[in-house]
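Chains as they are written, first to last, in UniProt numbering: chain V, 1 to 885; chain C, 1 to 147.
In case anyone wonders, no lab produced these hints; they're calculated from the structure. Incorrect hints may appear among the rest.
Claimed, not checked - BS3-like, lysine-lysine: derived pairs with alpha carbons at most 27 Å apart:
#  : chain 1 : residue 1 : chain 2 : residue 2
1  : C       : 136       : V       : 113
2  : C       : 142       : V       : 95
3  : V       : 77        : C       : 136
4  : C       : 142       : V       : 267
5  : V       : 95        : C       : 136
6  : V       : 305       : C       : 43
7  : V       : 95        : V       : 77
8  : V       : 77        : C       : 142
9  : V       : 398       : V       : 470
10 : V       : 222       : V       : 153
11 : V       : 737       : V       : 706
12 : V       : 420       : C       : 100
13 : V       : 147       : C       : 110
14 : V       : 859       : V       : 846
15 : V       : 26        : C       : 110
16 : V       : 394       : V       : 367
17 : V       : 398       : V       : 318
18 : V       : 267       : V       : 437
Read off the chains here:
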Amino acid sequence: MAHPFLKKDDDLDEEDEYSPFLGIEKSAVLQEARVFNDPQLDSRRCSQAIIKLLYLLNQGETFTKIEATDVFFSVTKLFQSKDSGLRRLVYLMIKELSPCADEVIIVTSSLMKDMNSKIDMYRANAIRVLCRITDGTLLTQIERYLKQAIVDKNPVVASAALVSGIHILQSNPEIVRRWSNEVQEAIQSRAALVQFHALSLLHQIKQNDRLAINKLVTSLTKGVVRSPLAQCLLIRYASQAAQESSFNSQTGDRPFYDFLEACLRHKADMVTFEAARAITELSGVTNRELTPAITVLQLFLNSSKPVLRFAAIRTLNKVAMTHPLSISGCNIDMESLISDQNRSIATLAITTLLKTGNESSIDRLMKQITNFMSDIADEFKIVVVEAIRSLCLKFPLKYRSLMNFLSSILREEGGFEYKKAIVDSIVILIRDIPDAKENGLFHLCEFIEDCEFTYLSTQILHFLGNEGPKTSDPSKYIRYIYNRVVLENATVRAGAVSALAKFGAIVDSLKPRIFTLLKRCLFDSDDEVRDRATLYLNMLEGDVVGETGNDVKEFLFGSLNVPLANLESSLQNYVPSEESFDIHSVSKEVKSQTISEKKSQSKKANPLGAPSASLATHVDAYERLLSSIPEFSNFGLLFKSSDPVELTEAETEYAVNVVKHIYDEHIVFQYNCTNTISEQLLEDVSVVVDTSEAEEFSELLSKPLKSLHYDSPGQTFVAFEKPQGVSSTGNFSNTLKFIVKEVDPSTGESDEGVEDEYQLEDVEVTAADYMKKIGVSNFKNAWESIGDDCERIDEYGLGVRDSLKEAVSAVIDILGMQPCEGTEAVSNNSRSHTCLLSGVFIGNVKVLVRLSFGIDGPKQVAMKLAVRSEAEAVSDAIHEIVASG
Amino acid sequence: MLLAVLFSNNDGNILVERFHGVPAEERLHWRSFLVKLGADNLKGAKNEELFVASHKSVYIVYTMIGDVCVYVVGKDEYDELALAEVIFVITTSVKDVCGKPPTERLFLDKYGRICLCLDEIVWKGMLENTEKERIKRLIRLKPPTEA
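Just chain V, with the same shape it has in the complex (with noise of 0.2 Å):
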């Protein structure tokens, strides 16, 4: 060891910046191990030899198994010293060795000894060393010492032996669960933490007989509680046990409410905190209820302790979702908050503020939040800015300040995630609030001027040449988008060569000064961008050659039709040749995404519980494939296409899923199929479909597919006739027919084929098929401005479920309706709830839903069903789909 530990005379300044465990070494600390098998122990270097190899664990040093035994073995000889320092760390090396050390089971008999030795730390080390290596069979062993220990009149002995329970009783707790009268009795120990690991040992060891708990708990609550520890965990036990229990909404009393409001008044802090906080999270609790742990919390509010204001803003935070007027009365103090060192504590005020801020403070607070802004980092920027679109979305008219503040802050520094973020956000603005869309373009094009994300840059110029034209006056964004042309990269001037040619096909009195600018282009340096002018200055100029000018906006503002990665993959398997490319050979087909695909969307969940961009995007591209054949295209709008169902279990010869598409008289089934056998060549696929068990379908054409190869998916379609208007439903099962012709792999050749058949799921249309599921972003609102013209109220009794949980999340997948404001979440083990739902029923009909559940001792469910929506024929079908479900 190059850097031996100072004695404590030395003089620590001037080695200050040694580490004594500098140059430390595996292999040399292993060999200075080797003392603690010398006959003679000297404590001291066995000592220092532990804290080495402890050093060099906390350091993510690891061991081989066979390193890890030796050092163990030889450890266990350290029980030999009578020196109590050395068989402290004994205790702990052993600990920290046994995960990666065989035989580990050798030392039991040692610390047997030691657990039944008259010094109780022996004893309480012991128990703790003994319960982290033993197994099963040790454990029936010492069970009756552990036992002992639990009630034993050293705090540190029973503490030791609660806190082994509460591990063991992970791997064996029907042992564990034998020891509840000692437990028990350990709850009454004058020893503030023993009461503590006592009280959460007993609450694990009955969590699943909710009676026991409801005795503990209300026993405890009369009793005397020593540690704030103990408090804090009652707390949480007695407001668990208030959810379970049933809330007499007649007299107003809540079971453990008392208890709970009395801890307010608690001189520890932790403790008046979790009641309060307790208080805040009880299921529909009222005005009256919260206001003492609100004013509880706006004094933490102002507390110099930053964990206490952080805990305080946080709790308000989630209260601003549901009960926002009532924590209005802490604006100030939140206000105050904004200019915290602590940034998190800032970013929850502010956020907070802007759900609890009315019409009026909305400026007062743009102004604080300015400042603000300029000294937190980007992650905490962007929760500001989303928490300002929807602040905007909920109060339209302000739209101005919101919007100047989004421009000011996107001509600040910022990464592209936050400048992405306010884009975003304005974007939408400009979409749900008409008024502001001038003024957002115009905070666009500015932006642009100097952005130095070319991604970015792109979608803006996109976004403009679709919208700037509709505008007023759209001469005044043409500078920027040509200043773009003069100064930008060249994905970003293609960009701009495109937008350009949008403003010259829709508005007629700019088209002579955009060829002006256009014929610029062709003297560009990128040929991309040069291809862009000459093809646009063509197809400007295309009404002398015959083109219509609807051709040319079908052109400039349609979409390809085929969708974008097939394309990409087409273009990268395009040898150039005389022949040139042709769009039309490109597959329509959508690809159905993969496990790990869908997984990467969902962890990317939209915020505003919109459709996310690339939902939308599937669905406009089975839009398209549909519209593309012919045979549907008489069928009127495509009213929704569901999900891919699996027709046929993974890994079989041919994978077949299937999406419903819905219109207002038809309904067409899209088999997607993939042949997964590299010698088959399947031809003529269609899937023959009976429909005995839905009677109103009518089978009206079937369009195979004429070939399908290995692994290259294909689709076949068959088109139904129902009732118009009417949420037909029915069951029709499937097979799929073709011929199979085998393939030499070599040659590529196939013989003559048979016809064959293949078995699929049946697939179900249900009511939910008929429904979009189109969020609100306030359904308070949304409920009232329906109003109750066609509102349908009716209750119904759903039998005995396993929880209420299961009862909401089946009534919510038989409607097929988007939940709002997180209603779809039960609490574990309540007895009421409410879930809010929103949607659009087929021909378009706004729904809104109220579901009021209950459950009662057996477990029967029953609900009130209040339907609103703009038809009282939709609302009355809403209620013949539960009932009949």
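Fit chain C to the supplied structure of chain V, relying on the hints for placement.
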């Protein structure tokens, strides 16, 4: 559950690292996350001033004591207030062992005793002891005075 207790020096080098119930492959991520959090916020912080943050459902309370940064991470019942309690016990015990807010050198000199203190305070993700005097006695295998 107390997910992690971590000590680092000013430069972000780990001095002690104890994880409970955190998969091995996530530890490196946590370590760098915490060290970055400290680097962003603890520069120029007052001695023992508490900082708090939350990341998804996990809470983090951290502070600076002498030249050493201390981080505790918890979830569920170990929320920001419980963690404040834990970090208070840890910092007072470390100060007690070192006799003052430690320099890195002093911390490493008292490494063994600090490890023992941690062993008394947190055991497999649960808070076990909270009193400085008691911990001081326990690490020397002396029974607590109240016994």
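Results for each hint:
1. Proposed proximity of residue 136 of chain C and residue 113 of chain V is supported: the alpha carbons are some 25 Å apart, at most 27 Å.
2. Taken as a hint, the residue 142 of chain C and residue 95 of chain V pair is honoured in the structure, with Cα atoms around 20 Å apart against an allowance of 27 Å.
3. The straight-line distance between the Cα atoms of residue 77 of chain V and residue 136 of chain C is roughly 26 Å, inside the 27 Å bound, and the hint therefore holds.
4. Proposed proximity of residue 142 of chain C and residue 267 of chain V is contradicted: the alpha carbons are some 31 Å apart, above 27 Å.
5. For the proposed pair residue 95 of chain V and residue 136 of chain C, the alpha carbon gap of about 20 Å is at most 27 Å, so the pair holds.
6. Between residue 305 of chain V and residue 43 of chain C, the direct Cα distance comes to roughly 19 Å. Compliance with the 27 Å bound is thereby established for this hinted pair.
7. Proximity of residue 95 of chain V to residue 77 of chain V is assessed by CA-CA distance (about 15 Å); at most 27 Å being required, the pair is judged to hold.
8. Between residue 77 of chain V and residue 142 of chain C the CA atoms are separated by roughly 22 Å; this keeps the pair inside 27 Å, and the hint holds.
9. For a cut-off of 27 Å, the pair hint linking residue 398 of chain V to residue 470 of chain V stands: about 23 Å separates their Cα positions.
10. Our distance criterion of 27 Å between C-alpha atoms is met by residue 222 of chain V and residue 153 of chain V, whose separation comes to about 25 Å.
11. Under the criterion of a C-alpha separation no larger than 27 Å, the hint pairing residue 737 of chain V with residue 706 of chain V is consistent with the structure, at around 12 Å.
12. Pair hint residue 420 of chain V plus residue 100 of chain C does not hold up; C-alpha atoms about 49 Å apart against a cutoff of 27 Å.
13. For the hint pairing residue 147 of chain V with residue 110 of chain C, the CA-to-CA distance comes to about 36 Å; that exceeds 27 Å, so the pair is violated.
14. Pair hint residue 859 of chain V plus residue 846 of chain V does not hold up; C-alpha atoms about 33 Å apart against a cutoff of 27 Å.
15. At most 27 Å may separate the alpha-carbon atoms for a hinted pair to count; residue 26 of chain V and residue 110 of chain C meet this at roughly 20 Å.
16. With a CA separation close to 19 Å, the supplied pair residue 394 of chain V and residue 367 of chain V stays within the 27 Å bound.
17. Taking the CA atoms of residue 398 of chain V and residue 318 of chain V, the gap is near 24 Å; set against the 27 Å cutoff, the hint holds.
18. Our distance criterion of 27 Å between C-alpha atoms is broken by residue 267 of chain V and residue 437 of chain V, whose separation comes to about 55 Å.
In the structure shown, a violation is registered for the earlier hints numbered 4, 12, 13, 14, 18, in ascending order.
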